[in-house]
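Same order as they appear, the protein sequences are chains X and B. Heads up: the first sequence is residues 1 to 137, going by full-length UniProt numbering. Heads up: the second sequence is residues 1 to 308, going by full-length UniProt numbering.
Keep in mind that the hints were calculated from the coordinates and are not lab data. Since this is a predicted model, take the numbers as computed values, not measurements. Watch out, some of these pointers could steer you wrong.
Unchecked claim - For lysine-lysine, the following BS3-like pairs were computed, each having C-alpha atoms within a straight-line distance of at most 30 Å:
| # | chain 1 | residue 1 | chain 2 | residue 2 |
| --- | --- | --- | --- | --- |
| 1 | B | Lys165 | B | Lys123 |
| 2 | B | Lys120 | X | Lys8 |
| 3 | X | Lys79 | X | Lys2 |
| 4 | X | Lys8 | B | Lys140 |
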Amino acid sequence: MKKQHENKYAIYLLTDDLLHIIYKKGKSIDLEAAQIIVRDRMVIQEGVSLLVLCDIRELRIVNKPARDFFAIEGSLFIKALAFLIDPPVTDAMSEFYLSTHRTPMPTASFSKKSEAMDFLQKATMLAAVICMLPWNI
Amino acid sequence: MPNSDDFRVKRIKQMLLEMAQGNFYHSLDPSDKNDNVATLIVMLNMVNEEIRASFIHQGFVGSKHTPQHLVQMAFIIDTMGMIEMVNQNTCSTLSAFHTELVGSPFVNTLTEESQRKWLKKQKSITNRECSDSTMDLVFKTSEGLLISKNCNISTFGGKTESPNKILLSTILFTKGESFAKGIWGNALRPGKESKVPRVKLSHEDIRKIREVHDLIITNLDHQLPHLKDLAHQMGTNEFKLKYGFKQLYGTTVFKFLIQERLRKAKTLIQFSSLSLKTIAHMVGFKSIPHFSRAFKEKYGNTPSSLRK
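With the rest of the complex left out, here is chain B:
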């Protein structure tokens, strides 16, 4: 029974095992139930997403590993929607055998909602000779775990007049391999003279830096005090604040403030009739030219062009 406690607890166990192995891209169907097991499932899904996100920003900053974008799953699908080819990674990701996937309908790998989305999409793209697009789909593994992915979808035709096919692939953002061992490793490893961070952040430092982050988020429209004063107010020093913020959030305090102000400004420009001057002041910019310049730098267009 898919909604029985036993069944759902088994799924939770399976997902925890995946997490223990470092796989944070699964999720579970929470169902319509409003009970304790459903609560656990909802919490587990959200914790999993938060861990995945923190690996991206914390795990990569100052890392000696090269971040990589790898093809995780790849399908070639014919005009009838049947799978013609999958890569080996797809089989292990979906916990299915190659023979089970090849020759079966692609929709079988998706959740019900994604099946509807996909069938609509498939109809619209199969007649196109060449096209590239993206869409969010949720895959289900044979163990019942869900994998939500942004998929790249390309249609292509061969030299002959054979019908078009679809290439669907998903990307995994990963920390990648460490430096190689042996002679190549020595050649690639940073030398003694290269800078190694000397500051060690304690849990207390990290807590204070997170407080600064929250303070910025909740006071975007106020002017940021001088970093030295802000650091002292929070019980730390300017150097630790600057260094720690970059380590934790991958950007400087000032750039973060501007970025968050611009996010709000963009929404206000799009969905309110307030003047650009009012918006600039509302999100904390004192000077309009500075606001326009920062906006164009981030979004590629001036604020006024977004209104047209």
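Same shape as in the complex, but just chain X:
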């Protein structure tokens, strides 16, 4: 299954079990933009949970309402999430987001695509184990 979609803010590339989202340059993400981004992602996924590789290297502004939305509504149907970053700016952005928002799925940032893919594969197995534990304190 291969699918491609594009909106004002991002390009979506869907292969069998991986969704690759590439954010466009110079876009400022507010709540309205975040809602469009998540809506389009969910429509593409058709209710199937996937691994998501999110290329945020060109992002500079994601405001708080958008960050809050991504953390709750935006976490639906994601098995594991890897941010592709380009230090220092997007490294700081992802670190800030992950330290202020707890996401229910395994999430991490990488500057190399191969490492990100590696993480996603391993995280799927880990997530399956964690899901079986109720209230994993």
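Chain X is already provided as a structure; the job is to place chain B on it using the hints.
Leaving out everything else, chain B in the frame of chain X:
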């Protein structure tokens, strides 16, 4: 040079000074650069937003101050897009003189992106006799700081056949004044018999309560253990958990859980084809009637009406 290190560091300094004075509504343009100064700007913007949000939920809970919604900036704009009037607060917020603003194009107070948005909006509303709407705009101060605001925009006409004008205003949510001094202050101040919170939350307590918050967020689809058990698991007691959670997040543990579950449910209803029953179970509701009732209470519509 707008992109030189010196220039950007000056802007950072200016923003830090504003923050030191308690003004958390500014932001800085991060530019396209990918360097250490741009990183600092991005971090500063995000920290500023987090502080602003925490003031709203923590600063207001149990506060003896009355929260106020005050008009921060107000502009009257003519059909040509020129500013006819501004209030004094606008001048101080944008760090500009009254004479600089009045008679100049309104777009001059906005960032480039907002200028485009505004011109489009202005075109569509000037012909309407009376209208009310809102839109997000980013203002820039004369010192180069950015202020992102949700603006109320009203068009209105006078008694004569003069062309319509636009009233644009922004609101500032503030903690407001404390109780007045003197005789009025005594009349308004709570008496000795009124309840004063006696529980003192330590940093450790606050850390534990935040952990409970994170635990709920990451386990929305699981049933919440009894609060007593949850408190013991986290190394605190039920009373501190209940009281502290309300203090920190302005709501009860249970209401918070329901609210976060409903947020997810709403998105699932809108953008997935899953059945309502599946959605209810996915977000942690055991009973469908309970889910429908809670949903209607929060969003004013039943889950099924959102699908139609």
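Hint by hint, here is what the structure shows:
no.: 1; hint: Lys165(B) / Lys123(B); result: holds, 12 Å
no.: 2; hint: Lys120(B) / Lys8(X); result: holds, 18 Å
no.: 3; hint: Lys79(X) / Lys2(X); result: holds, 19 Å
no.: 4; hint: Lys8(X) / Lys140(B); result: holds, 25 Å
When each numbered hint is compared with the structure, no violation occurs for any of them.
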